[in-house]
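**Q** When you get a sec, could you build the whole thing from the sequences and use the hints?
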Amino acid sequence: MEITKVTGKVFKYGDDINTDVIIPARYMNTHDPKHLAAHCMEDIDKDFVNNMKPGDVIVAGKNFGCGSSREHAPISIKHAGVGCVIAKTFARIFYRNCINMGLPIMECPEAAEELQAGDEIEINFDEGTITNKSNGKVYKAHPFPPFMKSLIEAGGLMNYAKAKLAEKK
Amino acid sequence: MGMTITEKILAAHAGKASVQAGELVECNVDFVMGNDVTAPIAIKRLRENNITEVFDKERIALVPSHFVPAKDINSAQQVQEVKDFAKEYDIKYFFEVGQGGIEHALLPERGLVLPGDIVIGADSHTCTYGALGAFSTGVGSTDLAYCMATGMTWLKVPETMKFVFHGELPKWVSSKDIILQIIGDITVDGALYRAMEFDGDTIHNLSMEARMTISNMAIEAGGKSGIIVPDETTEEYVKSRAQRPYKFYNSDPDAKYCYVKEYDATKLEPVVSWPFLPDNVHKVSESTHVSVDQVIIGSCTNGRIEDLRIAANILKGRKVDKNLKVIIFPATQSIWTMALKEGLIEIFNDSGCIISPATCGPCLGGHMGILSSKETAITTTNRNFVGRIGHPDSKAYLASPAVAAASALTGRITHPAEVMD
Numbered sequence: 001m002e003i004t005k006v007t008g009k010v011f012k013y014g015d016d017i018n019t020d021v022i023i024p025a026r027y028m029n030t031h032d033p034k035h036l037a038a039h040c041m042e043d044i045d046k047d048f049v050n051n052m053k054p055g056d057v058i059v060a061g062k063n064f065g066c067g068s069s070r071e072h073a074p075i076s077i078k079h080a081g082v083g084c085v086i087a088k089t090f091a092r093i094f095y096r097n098c099i100n101m102g103l104p105i106m107e108c109p110e111a112a113e114e115l116q117a118g119d120e121i122e123i124n125f126d127e128g129t130i131t132n133k134s135n136g137k138v139y140k141a142h143p144f145p146p147f148m149k150s151l152i153e154a155g156g157l158m159n160y161a162k163a164k165l166a167e168k169k
Numbered sequence: 001m002g003m004t005i006t007e008k009i010l011a012a013h014a015g016k017a018s019v020q021a022g023e024l025v026e027c028n029v030d031f032v033m034g035n036d037v038t039a040p041i042a043i044k045r046l047r048e049n050n051i052t053e054v055f056d057k058e059r060i061a062l063v064p065s066h067f068v069p070a071k072d073i074n075s076a077q078q079v080q081e082v083k084d085f086a087k088e089y090d091i092k093y094f095f096e097v098g099q100g101g102i103e104h105a106l107l108p109e110r111g112l113v114l115p116g117d118i119v120i121g122a123d124s125h126t127c128t129y130g131a132l133g134a135f136s137t138g139v140g141s142t143d144l145a146y147c148m149a150t151g152m153t154w155l156k157v158p159e160t161m162k163f164v165f166h167g168e169l170p171k172w173v174s175s176k177d178i179i180l181q182i183i184g185d186i187t188v189d190g191a192l193y194r195a196m197e198f199d200g201d202t203i204h205n206l207s208m209e210a211r212m213t214i215s216n217m218a219i220e221a222g223g224k225s226g227i228i229v230p231d232e233t234t235e236e237y238v239k240s241r242a243q244r245p246y247k248f249y250n251s252d253p254d255a256k257y258c259y260v261k262e263y264d265a266t267k268l269e270p271v272v273s274w275p276f277l278p279d280n281v282h283k284v285s286e287s288t289h290v291s292v293d294q295v296i297i298g299s300c301t302n303g304r305i306e307d308l309r310i311a312a313n314i315l316k317g318r319k320v321d322k323n324l325k326v327i328i329f330p331a332t333q334s335i336w337t338m339a340l341k342e343g344l345i346e347i348f349n350d351s352g353c354i355i356s357p358a359t360c361g362p363c364l365g366g367h368m369g370i371l372s373s374k375e376t377a378i379t380t381t382n383r384n385f386v387g388r389i390g391h392p393d394s395k396a397y398l399a400s401p402a403v404a405a406a407s408a409l410t411g412r413i414t415h416p417a418e419v420m421d
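Protein chains in written order, with my numbering: chain A, 1 to 169; chain B, 1 to 421.
Each hint should be verified, as a subset may be incorrect.
What the hints assert, rightly or not - Within a straight-line C-alpha distance of at most 25 Å, the following computed SDA-like cross-link-like pairs (lysine to any residue) qualify:
hint, chain 1, residue 1, chain 2, residue 2
1, B, K44, A, A166
2, B, K156, A, P146
3, A, K12, A, G128
4, A, K140, A, E107
5, A, K149, B, G22
6, B, K83, A, H35
7, A, K140, B, Y193
8, A, K149, B, G151
9, B, K247, B, V25
10, B, K162, B, Q20
11, A, K169, A, L151
12, A, K78, B, Q77
13, B, K374, B, K247
14, B, K283, B, G167
15, A, K162, B, T52
16, B, K44, A, M158
17, A, K164, B, E48
18, A, K46, B, W274
19, B, K71, A, H35
20, A, K162, B, N50
21, B, K171, B, E26
22, A, K168, B, Q77
23, A, K164, B, K247
24, B, K16, A, P146
25, B, K44, A, G81
26, A, K168, B, K171
27, B, K374, A, I44
28, A, K162, B, W154
29, A, K168, B, Y263
30, A, K149, B, K247
31, A, K169, B, E58
32, A, K46, B, Q20
33, B, K322, B, T266
Said to hold, decoys possible - So the derived list for chain B, only partly shown, Cβ under 8 Å to chain A, looks like this:
hint, residue
34, I41
35, G140
36, P253
In case anyone wonders, no lab produced these hints; they're calculated from the structure. For every residue, glycine included, the Cβ atom is placed at its ideal position computed from N, Cα and C.
**A** Given below as structure tokens:
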């Protein structure tokens with residue numbers, strides 16, 4: 001069943017959070033999601049995985065996920081149990097990776113600016129809204145372009161690939 | 001209306017007469033690349049979806065480069081996964097350790113990526129091949145799997161930012177200084193979602209190797225690609241290497257750019273990026289108080305033969321500072337061989353450097369020269385993020401091979417003129 005809502009606590013970070021601090025290369029000698037999840041955000045917040053609970057949300061500034069193309073970064077965040085990443089903007093490859101492998105992300109500069117660490121928020125993916133439960137304020141995230149929406153609805157890029165290959169045959 | 005080189009290449013590969021920035025297109029891909037870190041996840045995606053064939057066995061390269069020679073058992077397992085896949089799916093270009101090197105130096109050297117191509121690689125520095133006049137961009141592993149299966153990719157046609165350099169570069173100013181200067185000016189997300197195009201007589205007077213350094217770091221400004229319109233230098237480089245036909249595209253005079261910046265190259269100075277972002281750019285002359293514990297010369301950014309010649313010219317007949325570790329890592333096996341034949345390896349060795357095999361090694365904090373919590377490095381690599389080269393408390397300063405080599409003699413960040421002129 002598709003997840004349409006997430007409720008969790010905000011973990012807030014700054015601008016230009018790069019993939020090296022999301023998952024340092026020293027842990028990329030394997031691609032086991034459990035191993036990657038255990039070291040999520042380690043070089044910027046070494047207690048992140050101990051303090052967060054499933055459904056909690058990462059909120060950050062501009063250019064989240066810049067740097068390397070490592071899909072290990074969204075894999076690590078997803079398997080750590082993070083419900084969504086909200087940022088002012090996302091780096092291009094990271095954004096693509098999330099759409100392709102199914103880590104929920106939302107681009108919403110206002111929410112990224114105003115939400116504070118510890119805020120309890122609810123995210124409605126169908127409506128593209130973020131609600132700050134502590135003060136009731138509702139934010140509307142930038143909608144996904146139609147093509148990306150179709151990728152998400154197809155269940156990610158590999159399902160789309162299978163459809164494409166079937167079409168060719 | 002005219003088109004940029006990037007728009008022309010994307011249109012041609014999408015089967016369209018023209019495309020416009022912002023348009024989403026599905027393009028045929030000419031060449032696809034993965035390495036020992038990114039390919040295993042792509043392989044897993046193909047296998048779990050029962051995709052048993054690739055689109056073209058001769059248009060995929062799998063290059064173990066990051067944690068090779070395998071630094072531990074896990075790394076060895078990952079390389080094994082790639083090697084097994086290459087054998088099972090009959091992939092023509094799998095480069096075993098000792099026969100390849102760092103992908104972004106290797107593929108141009110072997111004529112596998114060419115002008116006019118669309119190249120998709122699961123490594124962010126895939127933008128390097130823009131120096132050849134190709135549209136070339138980095139993706140993650142699932143995108144790599146999709147490309148390997150279908151030979152296609154989806155792309156949003158990017159707007160283009162143009163950087164034009166005029167005049168002769170001053171002595172000791174290199175293409176690394178050009179790209180660091182640009183990143184410093186526009187910041188690490190200044191080119192987000194955009195193509196960067198480098199132009200002007202300064203750029204077209206650069207060698208192909210020097211151009212690759214510029215295109216290589218487009219991603220450090222957030223760029224989707226970093227392209228240079230091909231010219232005689234490009235033709236000279238590719239004609240004897242090309243493994244298949246290629247095509248030169250150019251930008252129309254009335255092409256639309258979202259940003260154009262002109263630089264007077266004669267006024268540039270050697271620069272370094274201070275920790276912890278590549279856009280934290282300062283002049284070398286303002287950085288000479290910084291003492292270093294390690295010098296790294298190599299990588300897909302600056303590990304080509306010209307880079308090694310520049311460093312050797314400075315280190316020749318001298319000793320590196322006695323408190324320093326100086327690590328040289330040539331980017332490919334053939335660069336290593338050239339360095340040996342030209343006597344560079346002997347110069348490095350005699351001056352107190354250690355010479356690594358062709359590997360990404362310390363650049364991404366993999367192995368072969370990891371920094372302790374107390375150490376600071378000056379490095380010719382491409383990123384200086386927190387923990388990039390080792391302990392999260394370590395520090396890295398990015399610079400050209402000339403500045404790195406000069407610093408190796410003094411133990412602090414040094415302008416090459418100080419030790420040479």
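**Q** Check the structure against each numbered hint from earlier and tell me which ones fail, lowest number first.
**A** Numbers 13, 21, 22, 23, 26, 29, 30, 32, 33 and 36 - these are the hints that the structure violates, sorted from lowest upward.
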